[in-house]
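With the hints as a guide, bring both chains together as one complex.
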Amino acid sequence: DTEVTQTPKHLVMGMTNKKSLKCEQHMGHRAMYWYKQKAKKPPELMFVYSYEKLSINESVPSRFSPECPNSSLLNLHLHALQPEDSALYLCASSQGFGGVSYEQYFGPGTRLTVT
Amino acid sequence: QKEVEQDPGPLSVPEGAIVSLNCTYSNSAFQYFMWYRQYSRKGPELLMYTYSSGNKEDGRFTAQVDKSSKYISLFIRDSQPSDSATYLCAMSGSNTDKLIFGTGTRLQVFP
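Chains as they are written, first to last, in the numbering used here: chain A, -14 to 100; chain B, 69 to 179.
Pulled out of the complex, with its shape left as it was, chain B reads as follows (with noise of 0.2 Å):
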């Protein structure tokens, strides 16, 4: 069993839908998770960060941690076409300075 665990997609939806995107993970050491959209032959940029349990709202994007049940999720609304790119979770713990990252999952937003 993988340490991070990620749908690959693709997840394709119609423009202005309510995207979905989560992990599961096996670590309970994992304490830091971070959400990273990288478009096609990009860098990966940080999204979202969020410490423990909770949720973390930025504009359109919203984080949600539930430790109990080893989950992170990442909800965009009003998906845009430009939100089209590979979404990677990534998490870490307390005494390394290591990210381990899902696999990622491609999503296609259509006009």
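The following block holds chain A by itself, in its conformation from the complex (with noise of 0.2 Å):
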């Protein structure tokens, strides 16, 4: 099973609120990922996590703030978003550094609109 989930597929927020999003593997994995993905470009890394802990963080603005709480699951905190946000948020996972292989499984995917 090489299933990564992600909830929920579609968001729309305002520039005040505050939510999460969420992303689940049960591969096994040891590094879990963040990217942002806007029309027409390939997927730009925002953060990686491995072993549970922060290992890359891209520079991304403090209103992102990511969360790993055991090996299988990572959160995205948003809040006070602008709406050059609005984007397509993928997790993925992977064996992680050290692992057999580098293969990046990815997420469905949250669509997110900033209003």
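Calculated directly from the structure, the hints in this document are not laboratory data.
Heads up, some of the hints might be wrong.
[As the list claims (entries may be wrong)] Taking beta-carbon pairs under 10 Å as the criterion, some of the chain B residues facing chain A (in silico):
id : residue
1  : 72
2  : 76
3  : 124
4  : 127
5  : 129
6  : 156
7  : 165
8  : 170
9  : 172
10 : 174
11 : 178
[What the hints assert, rightly or not] Think about it this way: if two alpha-carbon atoms lie no more than 30 Å apart in a straight line, the pair counts; the simulated DSS-like pairs of lysine-lysine are:
id : chain 1 : residue 1 : chain 2 : residue 2
12 : B       : 110       : A       : 38
13 : B       : 135       : A       : 7
14 : B       : 138       : A       : 38
Each residue gets a CB set at the ideal place from its N, CA and C atoms; glycine is no exception.
Dropping the structure here:
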């Protein structure tokens, strides 16, 4: 099973709202990722968690706050977003650094609209 | 110069054609090479994964890596309308969790 699940599928939020995106995998992967994807662009890396610790933050604004409660779950907390933050937010997982392979498996994404 | 270059297309071919998709890269440290297929408004789906140089075949798909030329290819045989999607190449080195993506090539297969 190579499934990564994400909830919700769609999210509309105002600029003053607080919301969270959720991601789950049960493949025993130890690395999990958040990406942002704008239309007709490749995914853009935001954060990497390796063995439940934040290992990469690609200079993402503090209005995005990641959390990894355990090795299967990844959250992205959103607060005071701007309309330009509207995008498809993708979660991915892989065996992680030191693992056998570097294949990343993506979830279906959450389509976020900020009004 | 970008680390990974990929022609954005669009590439339009008739059903049954052989499709060739390509990426070039500049970082000789890359050792892991992936091809993803992404349908509109969906997440990327891993199609092929190759370590170092060589060929890998899976059904109608063949991935080739030529590290000496820093060039990778994905061939699709007997293309179908259901293959219409954006194809992203991605690659990484051996000491990082970070993938570097190409810009993606939009493919349209018409009946």
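Check each numbered hint from earlier against the structure, then list the numbers of those it violates in ascending order.
-> Hint check: 3, 4, 5, 11, 13, 14 fail, others pass.
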